[in-house]
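K.L.:
Residue strings, one per chain:
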Amino acid sequence: MNHLMRGHAPITDEAWRQIDAEAKERLVPALGGRRLIDFDGPHGWQHSATNLGRTDKEAKAPTKGVYLTTRRVLPLAELKTPFSISRAELADLDRGAVDTDFAALDAAARQTAVAENVAIFHGIESSSIDGIAALSSHDPIPLGKNDFDKYPEHIAKAIEMLLTSGIEGPYGVALSPDSYTGVVETNEGGYPLLQHMRKILDDGPLVWAPGLKGAVVASLRGGDFLFESGQDLSVGYESHDADKVNLYIEESFSFRVATPEAAVALTI
Amino acid sequence: MGFDQYHEPPEELSTEIRTRARMFASLTEEAEAIGWYDQRMSLEPDAEARAIMEDAQTEEFKHFSMDLEFLLRRMPVWREIAKGVLFQEGDITELGNAAEEAADEDGGGDSAADESTSSSLGITGLKGAGL
Numbered sequence: 001m002n003h004l005m006r007g008h009a010p011i012t013d014e015a016w017r018q019i020d021a022e023a024k025e026r027l028v029p030a031l032g033g034r035r036l037i038d039f040d041g042p043h044g045w046q047h048s049a050t051n052l053g054r055t056d057k058e059a060k061a062p063t064k065g066v067y068l069t070t071r072r073v074l075p076l077a078e079l080k081t082p083f084s085i086s087r088a089e090l091a092d093l094d095r096g097a098v099d100t101d102f103a104a105l106d107a108a109a110r111q112t113a114v115a116e117n118v119a120i121f122h123g124i125e126s127s128s129i130d131g132i133a134a135l136s137s138h139d140p141i142p143l144g145k146n147d148f149d150k151y152p153e154h155i156a157k158a159i160e161m162l163l164t165s166g167i168e169g170p171y172g173v174a175l176s177p178d179s180y181t182g183v184v185e186t187n188e189g190g191y192p193l194l195q196h197m198r199k200i201l202d203d204g205p206l207v208w209a210p211g212l213k214g215a216v217v218a219s220l221r222g223g224d225f226l227f228e229s230g231q232d233l234s235v236g237y238e239s240h241d242a243d244k245v246n247l248y249i250e251e252s253f254s255f256r257v258a259t260p261e262a263a264v265a266l267t268i
Numbered sequence: 001m002g003f004d005q006y007h008e009p010p011e012e013l014s015t016e017i018r019t020r021a022r023m024f025a026s027l028t029e030e031a032e033a034i035g036w037y038d039q040r041m042s043l044e045p046d047a048e049a050r051a052i053m054e055d056a057q058t059e060e061f062k063h064f065s066m067d068l069e070f071l072l073r074r075m076p077v078w079r080e081i082a083k084g085v086l087f088q089e090g091d092i093t094e095l096g097n098a099a100e101e102a103a104d105e106d107g108g109g110d111s112a113a114d115e116s117t118s119s120s121l122g123i124t125g126l127k128g129a130g131l
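These protein sequence lines are chains A and P, in that order. Here our numbering is used: the first residue of the first sequence is 1, the next is one more, and so on. Here our numbering is used: the first residue of the second sequence is 1, the next is one more, and so on.
Next comes chain A alone, as it looks inside the complex (with noise of 0.2 Å):
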């Protein structure tokens, strides 16, 4: 058994089964960040930080006549998102019940999904970790209140602006769920909005990123935004009591960016 502790929960390996199929699909839809980073790893639990191969500032070394330096690394960030399932749902689901209630666990899906994403696109002062909007080097274009139809307008300014500093694509684009939602309800003459985006993309992905604020232009051609997983996303135990089961959703990670011209942000 690992930390997770999942040997000692009170839950059926089908019920597992479950837990983890509808974790998943709650999660795999709202990562919009990790649809536009280069992933590295599982490296494990145990792994705790990552190498940027840089030092600090030469030291006074406790020895006259030897220099001391000190290596600079990235610690990894860890998200944990406690939820609880009824320990009735659970045995119901035992036998045969399909419309387990997995509120809570999509709910915790989805603020680990935010948390994530908020991390990749914003950054996390606390955990040393530079978002991608956050750090662009290029000013950012604005969106406007719900002027979505000027949306291809302003991408296609941005992969512009990328163009002009070398950044080669393919490119994509992460919309906070507002402006996807304002996007895809958008038609041109008839010509829906997200086609019209798509083709300026050259089908490069349209990413549903919540937790974004606004919008952002990255390209994909690799090497400029580094993620690099500790434990990937997993469902651990915490404890039981007659009526529930305390699980909760915990992934280890640092996130850093090596180009900061390879994206623009576009805001609101």
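To be clear, the hints were calculated from the coordinates, so they are not data collected in a lab. Predicted, not measured: the structure shown is a model, and the values here were computed from it. Check the hints yourself; a few may be wrong.
[Unchecked claim] The calculated lysine-lysine pairs, modelled on DSSO-like cross-linking and capped at a C-alpha distance of 30 Å, are: (1) P/Lys-127 - A/Lys-199; (2) A/Lys-244 - A/Lys-199; (3) A/Lys-80 - A/Lys-244; (4) A/Lys-145 - P/Lys-62; (5) A/Lys-213 - A/Lys-199; (6) A/Lys-80 - P/Lys-62; (7) A/Lys-57 - A/Lys-199; (8) A/Lys-24 - P/Lys-127; (9) A/Lys-24 - A/Lys-157; (10) P/Lys-83 - P/Lys-62; (11) P/Lys-127 - A/Lys-150; (12) A/Lys-24 - A/Lys-60; (13) P/Lys-83 - A/Lys-157; (14) P/Lys-62 - A/Lys-57; (15) P/Lys-83 - P/Lys-127; (16) P/Lys-127 - A/Lys-213; (17) A/Lys-64 - A/Lys-80; (18) A/Lys-150 - A/Lys-80; (19) A/Lys-213 - A/Lys-157; (20) A/Lys-244 - A/Lys-150; (21) A/Lys-80 - A/Lys-199; (22) A/Lys-80 - A/Lys-145; (23) P/Lys-62 - P/Lys-127; (24) A/Lys-80 - P/Lys-83; (25) A/Lys-145 - A/Lys-213.
Assemble chain P onto chain A, guided by the hints.
P.N.:
Using the frame of chain A, we list chain P on its own:
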């Protein structure tokens, strides 16, 4: 073009299983290529030709290793057993048996709960996939 990697109706298989099937086919092809170069090099008298074959075989080593690592990451019990066998000193058969026993003690492949005990949800990278 045939689709020999499937032993079950592909339309009934999940996307993940179909991806794995393709990787299994690739793994087999890389292993075959390594073996073919092995034979050719052993008979080729021309040193320049042999050097090119050696270079090509080295590429296949890399491809095989990448295919294998991909599959091991997706199949936790296999990974556990492989950890006990690969890059270890000692009798390979004994290492294999010990690794298998250790995996069985952890539940092996028969228990979904224990298999997933040591594994994540297997989501990993999603780059390039739109929604």
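K.L.:
Could you run down the list of hints and mark each one as holding or not?
P.N.:
Each hint tested on the structure:
For a cut-off of 30 Å, the pair hint linking P/Lys-127 to A/Lys-199 stands: about 19 Å separates their Cα positions. Note on A/Lys-244 and A/Lys-199: the hinted pairing is violated, with a Cα-Cα distance of about 49 Å set against a maximum of 30 Å. At roughly 19 Å between alpha-carbon atoms, A/Lys-80 and A/Lys-244 fall within 30 Å of each other, so this suggested pair holds. Restraint check: the Cα-Cα separation between A/Lys-145 and P/Lys-62 comes to about 51 Å, which exceeds 30 Å; the hinted pair is violated.
Distance check on the hinted pair: A/Lys-213 and A/Lys-199 sit about 23 Å apart at the alpha-carbon level, within 30 Å; holds. Pair hint A/Lys-80 plus P/Lys-62 does not hold up; C-alpha atoms about 36 Å apart against a cutoff of 30 Å. For the hint linking A/Lys-57 to A/Lys-199, the alpha-carbon distance of about 48 Å lies beyond 30 Å, and the restraint is violated. In summary, the hint linking A/Lys-24 to P/Lys-127 is supported, as the alpha carbons are separated by about 16 Å, within the 30 Å threshold.
Between the alpha carbons of A/Lys-24 and A/Lys-157 the distance comes to roughly 35 Å, so the proposed pair goes past 30 Å and is violated. Between P/Lys-83 and P/Lys-62 the alpha-carbon distance is near 19 Å, which keeps this suggested pair within the 30 Å criterion. Restraint check: the Cα-Cα separation between P/Lys-127 and A/Lys-150 comes to about 26 Å, which is no more than 30 Å; the hinted pair holds. At most 30 Å may separate the alpha-carbon atoms for a hinted pair to count; A/Lys-24 and A/Lys-60 exceed this at roughly 50 Å.
Under the criterion of a C-alpha separation no larger than 30 Å, the hint pairing P/Lys-83 with A/Lys-157 is inconsistent with the structure, at around 50 Å. For the suggested pair P/Lys-62 and A/Lys-57, the alpha carbons sit about 38 Å apart, so the restraint of at most 30 Å is broken. Straight-line distance between C-alpha atoms of P/Lys-83 and P/Lys-127 comes to about 28 Å, which keeps the hinted pair within the 30 Å bound. Annotation: proposed proximity of P/Lys-127 to A/Lys-213 holds, straight-line Cα distance about 20 Å (limit 30 Å).
A threshold of 30 Å between alpha carbons decides the hint, and for A/Lys-64 with A/Lys-80 the separation of about 46 Å lies outside it, so the pair is violated. Restraint check for A/Lys-150 and A/Lys-80: not satisfied, since their Cα atoms lie roughly 38 Å apart, outside the 30 Å limit. Straight-line distance between C-alpha atoms of A/Lys-213 and A/Lys-157 comes to about 19 Å, which keeps the hinted pair within the 30 Å bound. A hinted pair counts as satisfied when its Cα atoms are at most 30 Å apart, and A/Lys-244 with A/Lys-150 does not qualify at roughly 50 Å.
Taking the CA atoms of A/Lys-80 and A/Lys-199, the gap is about 38 Å. The hint is violated against a cut of 30 Å. Among the hinted pairs, A/Lys-80 with A/Lys-145 is inconsistent with the structure: their alpha-carbon atoms are about 34 Å apart, more than 30 Å. About 22 Å separates the Cα atoms of P/Lys-62 and P/Lys-127, which keeps this hinted pair within 30 Å; it holds. Restraint check for A/Lys-80 and P/Lys-83: satisfied, since their Cα atoms lie roughly 28 Å apart, inside the 30 Å limit.
Proximity of A/Lys-145 to A/Lys-213 is assessed by CA-CA distance (about 12 Å); at most 30 Å being required, the pair is judged to hold.
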